Amino acid sequence: MIIQAESPVLEIHDMTVSYDQSPVLWNIDFTLPSGQLIGILGPNGAGKSTLIKAIMGLVNPTGGYVKVFDKPLEEVRSRISYVPQRESVDWNFPASVLDVVMMGTYGKLGLFKRPGKREKEVALASLDQVGMSAFINRQISELSGGQQQRVFIARALAQDADLYLMDEPFAGVDIATEAAIFELLKKMALEGKTVVVVHHDIYSAMTYFDWMIMLNLHLVASGPKNQVVTEELLRKTYGGKLNLLSKVSELVRKQDFNPLEH
Amino acid sequence: MSFDQNAFLIILTGSLIAISCGLLGVFMMLRKMAMTGDAISHAVLPGIVIGFFVAGSQRGLEVIIGAGILGIIATLIIDWLRKKARVQLDASIGITFTLLFAIGIILINLFAYNVDLDQECVLYGEIAYLPIDLWVTGSGTILGPRITYLAVLNFTLVAGFIYFFFKELTLTSFDESFGSVMGIPSKGINLALMSMVSYTTVSSFEAVGAILVVALLVVPPATAFLWTKNLMPLIKLTTILGIGISILGYYLAYLFDSSIAGMMVTVAGVLFLLSALIKGRSSKSAGTSMANI
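Residue numbers (the UniProt record's numbering), protein chains in the order written: chain A, 1 to 262; chain B, 1 to 293.
By construction, these hints were calculated from the structure, which means they are not laboratory data.
Remember, it's a predicted structure, so these values are computed and weren't measured experimentally.
Treat the hints with care, since some could be wrong.
Each computed DSBU-like pair below joins lysine-lysine, with the alpha-carbon atoms no more than 35 Å apart [as the list claims (entries may be wrong)]:
id: 1; chain 1: A; residue 1: Lys-113; chain 2: B; residue 2: Lys-167
id: 2; chain 1: A; residue 1: Lys-67; chain 2: B; residue 2: Lys-83
id: 3; chain 1: A; residue 1: Lys-120; chain 2: B; residue 2: Lys-84
id: 4; chain 1: A; residue 1: Lys-67; chain 2: A; residue 2: Lys-187
Example chain A residues on the side facing chain B (calculated, C-beta under 7 Å, incomplete) [as the list claims (entries may be wrong)]:
id: 5; residue: Trp-91
id: 6; residue: Gly-116
id: 7; residue: Gln-139
Beta carbons: idealized from backbone N, C-alpha and C, even for Gly.
Given the sequences, and given the hints that come with them, work out the whole structure.
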């Protein structure tokens, strides 16, 4: 079930992505609304990371196109920000927390310009938003996993983009931090930013996201949470893992929220 | 000891080369590309030979351009082998630079047997000849040692490159895909860095040779990285190490009547080993104190 958004911020048309001739994403076609917290769900190897990498042009689709803010990607790069997986960089890099967050401002600075006072203020404000103000001079190698994740989110905030794409930002983060970051993401969505999050945990996804994309090489569903999270579509996304699905239904019952009945 | 102009010129030139290599080496190391620097320094050989033919001498601009192009080709082949042919990085480096170096040797043997160019000169170099290799203008004015001029020009270009592209180099070294997403031309920056490494290799090979250039690219930054985890101090310490290595290397070579470039790299290696021993021990004791808490 694919529900189209009105005046979408992101439009993907009939996109196929292949590695070594074998397609990892087939005929992906959806639109996303602005100002929402959007989750990308699917089992391991479903192509979730590949999907957001294709949106940002980090991998080239073999077919189809992506339009962001109704324009080709190259024209709107400074309005898109990326929170990569924490493991994608070497945290032994010689930099402080502030150095890394300042990097978020580089895109708008342009060539040959150096970050100054204004960029520093932006970076400090971003660190404050993620609750990392006490760590500005800390070496990034000395941070815990959750702190590294928050530094990456602060770096994206410093970019002041309109569309945020986050790849598993909650991997290795404790529950308290996860809740705090979700509060922050909700606030960003209320301010009109669109936040797309690759997420592995269906349980918390139910409570946090407004809009869901369900993926398993093909696009299974895209739409408001209440309309697309059904038992049939979950089964299609996750295959025959009934054990998992019954656990979800149980959890949903406990929380007195049942999207399966909508 | 009275002022020895030759000693001063050799140490100055050695320092400039060591600093140029060290500055580029810092970013090569942070990109985990230290061995790509090794590959480039050997892969430029065919470019030097071809440039030599076009120019008719090993002094020409064509030699530097030829080497620069080969350096970039080497980088592109390594990248292609790794990404498209799925060869591991170390294997693709090993294949690429040995192949290109071998082509260079064959080119020398085929065409250049009667001219003043051989692989020894490219591999080893000799900075001690610097004071007698003078730059003489067409009208006969002697301007000073040619290699010193080359080193000054090289240093100026490397320092300028790093100064102007500092934030791009830093960002793409740390997180290339984040940079690409926000529109920083990561591939262009990468190729520019590889070109600078190629150019520095060629500019320095007469003085210190391609093998020792690799040591200057890798060892001072690696030593400095043992002492600091901040980028600016890392760059400053690499620079200081470059100067210190040149001074110590020169006087030890003088004392033992040996190769200056060889001694410079030996000094660099000893400094690295000492640093590794000291820092290795202190991190071990830090580890036990952490365990006690």
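Now for the hints, and whether the structure bears them out:
1. Between Lys-113(A) and Lys-167(B) the CA atoms are separated by roughly 9 Å; this keeps the pair inside 35 Å, and the hint holds.
2. Among the hinted pairs, Lys-67(A) with Lys-83(B) is consistent with the structure: their alpha-carbon atoms are about 27 Å apart, no more than 35 Å.
3. About 40 Å separates the Cα atoms of Lys-120(A) and Lys-84(B), which puts this hinted pair outside 35 Å; it is violated.
4. For the hint linking Lys-67(A) to Lys-187(A), the alpha-carbon distance of about 25 Å falls within 35 Å, and the restraint holds.
5. Interface restraint check for Trp-91(A): the shortest CB-CB distance to chain B comes to about 10 Å, outside 7 Å, so the restraint is violated.
6. Hint on Gly-116(A) is violated. Least Cβ distance to chain B is approximately 12 Å, over the 7 Å limit.
7. The interface hint given for Gln-139(A) is met, as the beta carbon of that residue sits about 5 Å from the closest beta carbon of chain B, less than 7 Å.
Violated hints, listed in ascending order, are 3, 5 and 6; each of the other numbered hints is respected by the structure.
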